[in-house]
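Participant: Taking the hints into account, I'd like the entire structure generated from these sequences.
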Amino acid sequence: MNKIANKQVINDVLLEESAKDKDIIVLCSDSRGSAGMKSYAEQRPEQFVEVGIAEQNLVGISAGLASCGKKPFAVSPASFLSTRSMEQAKVDVAYSNTNVKLIGISGGVSYGALGMTHHSATDIATMGSMPNMRVYLPSDRFQTEALIRSVLKDEKPAYIRIGRNAVEDVYEEGNVPFELDKATLVKDGTDVTIIACGELVGDAKAAAEELSGKGISTRVLDMYCVKPIDKDAIIKAAKETKLIVTVEEHTMYGGMGSMVAQITSANAPVKVVNLTLPDAPVVTGKSREIFKYYGLDAEGIVKTVTEQL
Amino acid sequence: MNLEAKALDIRKDIIELIYSAGCGHIGGDLSVTDILVDLYYKQMNVDPKKMDDPNRDRFVLSKGHSVEALYCVLADRGFFDKKELFDTYSKYLSKYIGHPNNKINGVEMNTGSLGHGLSVAVGMALAGKMDKKDYRVYAVMGDGEMAEGSNWEAVTAGAHYGLDNLTAFVDRNRLQISGTTEEVMTADDQEERWAAFGWNVISIQGNNMEAIDDAVEEAKKTKGKPTVIIANTTKGCGVSFIENKAAWHHKVPTEAEYQQALKELDERRAQL
Ligand SMILES: Cc1ncc(C[n+]2csc(CCOP(=O)(O)OP(=O)(O)O)c2C)c(N)n1
Ligand SMILES: [Mg+2]
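As given, the protein sequences belong to chains C and A, one line each in that order. If you read the first sequence in our numbering, its first letter stands for residue 2, the second for the next number, and so on. If you read the second sequence in our numbering, its first letter stands for residue -6, the second for the next number, and so on.
These are computed hints drawn from the structure, not numbers from a lab. The reader is advised that the hints may include incorrect statements.
To be verified - DSS-like, lysine-lysine: derived pairs with alpha carbons at most 27 Å apart:
id, chain 1, residue 1, chain 2, residue 2
1, A, K244, C, K39
2, A, K84, C, K293
3, A, K96, C, K293
4, A, K84, C, K287
5, C, K4, A, K244
6, A, K88, C, K293
7, A, K84, A, K218
8, C, K287, A, K88
9, C, K287, A, K75
10, C, K4, A, K84
11, A, K35, C, K287
12, A, K76, C, K287
13, C, K39, A, K75
Unchecked claim - Simulated coverage check for chain C against chain A, where a stretch passes if three residues somewhere in it have a Cβ under 8 Å from a Cβ of chain A:
id, region
14, 10 to 16
15, 27 to 41
16, 74 to 88
17, 285 to 291
As the list claims (entries may be wrong) - Computed list of chain A residues with no C-beta within reach of chain C, every gap over 12 Å:
id, residue
18, A14
19, Y34
20, K75
21, K84
22, K96
23, G137
24, A152
25, K218
Where a beta carbon is used, it is the ideal one built from N, C-alpha and C, also for glycine.
Facilitator: What follows is the structure in structure tokens.
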């Protein structure tokens, strides 16, 4: 069981890169502990800005820094970052096209029993609908590292959502296929395609292994790049497999699954089933309990595929 | 009723609830306990059986993470079954989640995202004025929470509309998650800020029941403007090793710590 959370990887990469690049600035909103940014804050005090509990200010200040050549990473719970500071994200970051990287931590339903105020199950819809804003949900620590290293090289806005706890590895150390804005083919197959993003890619992979054992040839696409979404990989899957099942830690409207269905319906109509969180506050529980309740875990995915195929 | 004794009993419930659930925001619960006890056992006109009474006083816990304190008070006052709360708090499929939720009897508003409660309270107070009702509205914010800009929009509006039926509290415990408020984001001039916005400002020792009650009484007599009570509290108040430590924002006591906390509270109770 992997013990290293994706946020830890972000802290480590930024700590390393910020030693070489003085323009890298991390900003937190009383969130450095939950963001895994404590060691960064301690070791790079001159490249760290604390704004207090003020997420709108967090994003506005980041945009100002970016407009003066800095490379800000605003790290705050995804729930507040994607809603409280949504207009700053839209106007000061996306519309003004500033080099701000918004890192939404403890995303989706990571905060479990703390309830809907702390869940970010609408962030793909809100952030993804802003022109210029890219949206990434990396699946494991290796992909998170590849993604952060990649976006450090560009100067465009991005929203990156990660979960709170360590998740099982999808890839292996030293063998992490990664091309920016291209879905990663985790497993090939010819009967059904499961398209997943974020923490649920691990479940998709486990489900595919079980399905293959039952004679159902299953393809798995890691759609960490929710926007710009990998259209080609989706159309290819739509043409080559009989069913697409999407899996995401997001509400049913405006998420990754909606985007997949939009693309297939215009280009290569195929049955698309979206596994999502409901259009309602979720039941009380830990992430894994919530995933199970709504059939988003490996078992639920297997069940849906077997029923729908 | 001996409010001091009640506040100690509620503190014991809070410790029990957090220990058995394995989660909770213990520091902020213990700093706000006395304010809640004065409001719910003495000052506020609320009745578990009449939560739809349009004349009831309104309470909004803007620092919603202190929900354990609120739930313990509401359970004790009979708004819902205490056993159900203790058996299910924060557990799978429970309705008692880790922030106030208005599916639960006695909770007026869903909170948890900081910087919402005061605006909502302004709305409630405004409705009271529109309807010529004489209920009062109370809201409690954290001092770290006061960094949210939305609060200051609400402060402006509260004064603009002369909402003398509104009393706000700032739980001035000088700590937030990452450290002291002064390290994280300056909050030292709360009194001057609120006064500059046109509020009646009362600064008190916020874990002193008599001081709280006197301040609430003074607020009721103040006409033409809203009142803020800057409650200078101790985060973790009542349990020596929890007091004044940022790390206890949401730490859960070990078994030994749990026993120690109850022992200290029992000792204080015996001294009353
Ligand atoms: C909008 C928003 N941002 C961040 C948080 C996370 N959070 C929960 S409690 C807290 C610290 C609150 O400190 P303070 O207001 O001083 O409360 P207290 O000391 O009374 O616990 C933070 C940052 C939140 N709940 N809402
Ligand atoms: Mg505080």
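Participant: For this structure, which hints from the list above don't hold up?
Facilitator: Failing hints, ascending: 7, 11, 13, 14, 18, 21, 22, 23.
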